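S.K.: Those protein sequences? They're chains L and E, same order as listed.
Mind the numbering: the first sequence is residues 1 to 178 in this note's numbering, read in order.
Mind the numbering: the second sequence is residues 179 to 356 in this note's numbering, read in order.
Any given hint might turn out to be false.
Covered stretches of chain L (chain E as the covering partner; in silico rule of three or more C-beta atoms under 8 Å from a C-beta of chain E) [unchecked claim]: (1) 46-53; (2) 61-73.
Here are a few chain L residues that sit away from chain E, every Cβ distance over 12 Å (derived from the structure) [unchecked claim]: (3) Gln7; (4) Met10; (5) Arg20; (6) Glu27; (7) Gln39; (8) Gln42; (9) Pro97; (10) Val115.
Derived SDA-like pairs: lysine to any residue, alpha-carbon spacing no greater than 20 Å straight-line [to be verified]: (11) E:Lys352 - L:Ala41; (12) E:Lys333 - L:Arg5; (13) E:Lys333 - L:Arg2; (14) E:Lys333 - E:Pro304; (15) E:Lys349 - L:Leu47; (16) E:Lys352 - L:Arg51; (17) E:Lys352 - E:Arg263; (18) L:Lys69 - E:Pro304; (19) E:Lys349 - L:Val43.
Keep in mind that the hints were calculated from the coordinates and are not lab data.
On a predicted model such as this, the values are computed, not experimentally measured, just so you know.
Just so you know, even glycine gets a beta-carbon here, dropped at the ideal spot from N, CA and C.
The residues making up each chain are set out below.
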Amino acid sequence: MRCDRAQAMMDRYVAEELPRVERVALESHLRECPGCRQQLAQVQTLLRILRNVPAPPVPQGLVDRVMAKAGQEIGSQGSVVQTCSRPVAWWRHGLTPQQIGFAAALAAGLLVGVVLGRQTWTNSLRTSAPEPPIAHAQVMDAENVYLPDYLDYFSSTPRGSFPEIYLSLTSVDSNQEF
Amino acid sequence: MPSDEELMSAVAEGDLSAFEQLVRRYQRSGWNTAFRLVGDLHAAEDIVQEAFLRVLRAAPRYRPTAAFRTYFFRILTRLCRNHRRRNVASPSGDLDAWVSQGPAPEDIASSQEVHSSVNNALASLPARQREAVVLRYYEGLSYGEIGWVMGATRKGVERLLARGRAALANKLGKLLEK
Numbered sequence: 001m002r003c004d005r006a007q008a009m010m011d012r013y014v015a016e017e018l019p020r021v022e023r024v025a026l027e028s029h030l031r032e033c034p035g036c037r038q039q040l041a042q043v044q045t046l047l048r049i050l051r052n053v054p055a056p057p058v059p060q061g062l063v064d065r066v067m068a069k070a071g072q073e074i075g076s077q078g079s080v081v082q083t084c085s086r087p088v089a090w091w092r093h094g095l096t097p098q099q100i101g102f103a104a105a106l107a108a109g110l111l112v113g114v115v116l117g118r119q120t121w122t123n124s125l126r127t128s129a130p131e132p133p134i135a136h137a138q139v140m141d142a143e144n145v146y147l148p149d150y151l152d153y154f155s156s157t158p159r160g161s162f163p164e165i166y167l168s169l170t171s172v173d174s175n176q177e178f
Numbered sequence: 179m180p181s182d183e184e185l186m187s188a189v190a191e192g193d194l195s196a197f198e199q200l201v202r203r204y205q206r207s208g209w210n211t212a213f214r215l216v217g218d219l220h221a222a223e224d225i226v227q228e229a230f231l232r233v234l235r236a237a238p239r240y241r242p243t244a245a246f247r248t249y250f251f252r253i254l255t256r257l258c259r260n261h262r263r264r265n266v267a268s269p270s271g272d273l274d275a276w277v278s279q280g281p282a283p284e285d286i287a288s289s290q291e292v293h294s295s296v297n298n299a300l301a302s303l304p305a306r307q308r309e310a311v312v313l314r315y316y317e318g319l320s321y322g323e324i325g326w327v328m329g330a331t332r333k334g335v336e337r338l339l340a341r342g343r344a345a346l347a348n349k350l351g352k353l354l355e356k
């Protein structure tokens, strides 16, 4: 057993609270360790000194004062049971006008927030709507070949490529009248 | 004689005489503990009164999962802790004052000197060490009970007590050598 462990157990050893196994182990350590024996003597002296120091006497009339206050509390509340019962849930004893006002303001704020948010969201959808893709029909017209989107990579002018843009521009130009 | 827990059940049903029995049973240990933890006569009385009133208010919610004694000390030590937080300087003035009241013969004078030294040493301990020391060496609570009262593990209590004893031994060195 290490000395720090032995010293931590001394308090319970003095109070005779140690289980038998720990007591035997401690006593075995104490037989071999003069430092811990000295420490044990010090703990015993310290505890004796501490316990010999009394507290001042209980103030006279303490019980009467406590009972008077208890009586006042119960008198103002009706009974101990009422005084001590768990706080009643707010939805059971109703709401005060302030609470109702607060709840109404909160609900109105939420409603306004939802309406404004919805409008903003709709507007942003309109303004940020993607440009219609470069006329796929025009590409198809130029080549006279129909390709599904997923096969567009195999065409000579895949969508979004420079050739496709070039073709779309030239096809527009060709339709313009000078 | 009814147990503390039986008295608490009666208090929960509005029996003030049961409450008075509890107050009478615990006034001394409550007072001693509060005084040793806050070191102020008036504050200690206020704290003890408040602790009993809280017991009264909480009686319907009390479940005997822990002994009433530890339940009471838990309330009391929390009130003492709150008091110390509000009054940062933990006074030891009353601890000294009450031992030096009145004329005393020389042999008593020397014991008063010892009392004063012990009280000063106790007052100088950090709050949690002081709580552990007072609950253990003056009120005789077990490590488990102190842990429940203070919200600490048994190991934590063991460490607090070991440090507390070391600090006290350091401050009371001369007394321990006698």
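S.K.: Compare the structure with each hint and give your call.
M.R.: Outcome of the hint check:
no. : hint                : verdict
1   : 46-53               : holds (count 7)
2   : 61-73               : holds (count 9)
3   : Gln7                : violated (7 Å)
4   : Met10               : violated (9 Å)
5   : Arg20               : holds (17 Å)
6   : Glu27               : holds (19 Å)
7   : Gln39               : violated (9 Å)
8   : Gln42               : violated (6 Å)
9   : Pro97               : holds (29 Å)
10  : Val115              : holds (46 Å)
11  : E:Lys352 - L:Ala41  : holds (14 Å)
12  : E:Lys333 - L:Arg5   : holds (11 Å)
13  : E:Lys333 - L:Arg2   : holds (16 Å)
14  : E:Lys333 - E:Pro304 : holds (18 Å)
15  : E:Lys349 - L:Leu47  : holds (14 Å)
16  : E:Lys352 - L:Arg51  : holds (17 Å)
17  : E:Lys352 - E:Arg263 : violated (32 Å)
18  : L:Lys69 - E:Pro304  : violated (33 Å)
19  : E:Lys349 - L:Val43  : holds (14 Å)
Checked against the numbered hints listed earlier, the structure breaks hints 3, 4, 7, 8, 17 and 18; every other hint is satisfied.
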